[in-house]
Amino acid sequence: MKEIWIIARRELNAFFDSLVAYILLIAFLGFSGYFTWLGGSDIFFRKQADLQVFFSVALWTLFFFIPALTMKQLAEEKKTGTIELLLTKAISDRQVILGKFLACLMLVLIALALTIPYFITISSIGDMDQGATLSGYLGLILMSAAYIAIGLFASSLTNNQIVAFLLALLIGIFFQFLFNVFSSGMTGWMGELISNLSVTKHYESIKRGVIDSKDIVYFLSLTFLGLMFSELVISKRK
Amino acid sequence: MSKSYGLQKAVDDISFHVKPGEIVGFLGPNGAGKTTTMKMITHYLEMDGGDILIGGNSIRKVNMRKHIGYLPENNPLYEDMPVIDYLAFCAGLHGVPKTEIPGRIREMVRLCGLNVEKHKKIGELSKGYRQRVGLAQAMIHHPAVLVLDEPTTGLDPNQIVEIRELIRKLGREKTVILSTHILPEVEATCDRILIINNGKIVADGTAQDLRKQASGRQIIKARIQGGSVQDIFEKLAALPGVASVDLVNADESRFEIESHQGATSNEAVFHACVQNKWVLTELIPIETKLEDIFRDVTLN
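Which chain is which? The protein sequence lines are A and B, in order.
When we follow my numbering, the leftmost residue of the first sequence carries the number 530, and every step to the right adds one.
When we follow my numbering, the leftmost residue of the second sequence carries the number 292, and every step to the right adds one.
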């Protein structure tokens, strides 16, 4: 556990040292803030004291934000050869993957924590459904964990960061968008199955304030699979 | 251990034993399997077959890797980290207790001469200093075994001398396995030489052993004055143990004397000079060059 934390801390420092963290935090807060407070269907227009707009926008911002965090994690290490240093230390491959996963997740948590003022402001100007808001945040965290795991997997497959970024988006777009589209054209168990693979579907249900174990299991399985495949790829070196 | 890439056998069932405190030089032409072997020793690459034991325990156990310090080929480093942070990171991953880390860093900074550069980012360092950082990270957890893959590539002659001295200093208390294709380096630093070619060990021993195996015949250069060249030549050729005599330079009366297989003729030559009242002004044993041995065993 200590080793995982050492790796996570290094990666987190690297995010802040290289400005990646600041750029992404500003972009995330900028987009989600604009649409929550100023954009077309903002909170004043809707006259609803909730964060539903924020949650919808955050889903898409994080969708693009996360591959940018994960793309360098393994691809860059493979390119510069530092992966060799890391994997020959007295740590397991799994600890390396988990450390990097934790670092990305923490940066996302920092981004989400910076939106707590939205929560405070809105709950002070109206009667807010706090349960739905908290479960919305939980949904964002779970969905981020899943996309981080997918991003790490994409990063483990290549030593080119751009390829890792695009690959993560490509895999992600299926979960984010395409499975919904596919399933709408299908009926029966196939349609049911594919629609259940969609991140958006499970996220929407959590966002509404319904914490169903089915949704939680879905996100955790996706995260677990992503991490497991990343570890598999990394441990299979030639 | 063995390792294949597709059909090509990179390392073909090699086996060797290294004693504690020994400095072993791993020699071989490019592509002979040196780096692959080192990567297997450090468990970066999985072996196809075989095992690597340190004190009887397999390196496959994660915990055993604490006993190895590794400087990979080309010395990859996190360019964006300051030297001190990087060393602390490496020490932490090897399980050095937190309270001991500052002391270890001080020790490594002193040992590797990093004091001036310790607060810089690694990316800003010159090649020589980067190499020292690489060595420092390899040693920070006090491993029993050091595996160094071409530790002096790309360094200038002064830096090479410094790094070699550092390795020799370390070799007193650690087992060092280093690979190189620079032959004088092995002679200068190593107790023992392993030559690998096409994935097989083709020679194993001290530089002295290898010379004996390779040449067998001793050659000495001698300059003998105080007699007629003809007379000296004939008498030398008649000495027991001498296989042939070659007159190199008649004016300076220089000879090259080759002994029979396994025999030495230094003493016989000396006594002959004394008997005949010649003046022996030079007597130089010619050693077979390591280059020749290397060429011998790696070119089939």
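Calculated from the structure, these hints are not laboratory results.
A virtual CB, placed ideally from N, CA and C, is assigned to each residue, including glycine.
Hints are not guaranteed to be accurate.
Okay, derived cross-link-like pairs now, DSS-like style, lysine-lysine, Cα gap no bigger than 25 Å in a straight line [unchecked claim]: (1) A/K601 with B/K389; (2) A/K765 with B/K411; (3) A/K607 with B/K418; (4) B/K310 with A/K608.
So, partial list: chain A residues that the calculated Cβ filter (under 8 Å) puts toward chain B [to be verified]: (5) L567; (6) G568; (7) D571; (8) K607; (9) G610; (10) T617; (11) K618; (12) S621; (13) V762.
Status of the hints after comparison with the structure:
1. A/K601 with B/K389: violated, 28 Å
2. A/K765 with B/K411: violated, 35 Å
3. A/K607 with B/K418: The given pair, whose Cα atoms are some 21 Å apart, holds under the 25 Å limit.
4. B/K310 with A/K608: It is violated: about 35 Å lies between the C-alpha atoms, which goes past 25 Å.
5. L567: This hint is violated: A/L567 lies away from chain B, its Cβ roughly 36 Å from the closest one there, beyond 8 Å.
6. G568: For A/G568, the interface hint is violated, since the closest Cβ of chain B sits about 36 Å away, which is over 8 Å.
7. D571: Violated - the Cβ of A/D571 stays beyond 8 Å from chain B, reaching only about 39 Å at its closest.
8. K607: violated, 10 Å
9. G610: With Cβ-Cβ at 3 Å, under 8 Å, it holds.
10. T617: holds, 4 Å
11. K618: Holds. Min distance 4 Å.
12. S621: This interface hint holds because 5 Å falls under the 8 Å limit.
13. V762: violated, 14 Å
Checked against the numbered hints given earlier, this structure breaks hints 1, 2, 4, 5, 6, 7, 8 and 13; the rest are met.
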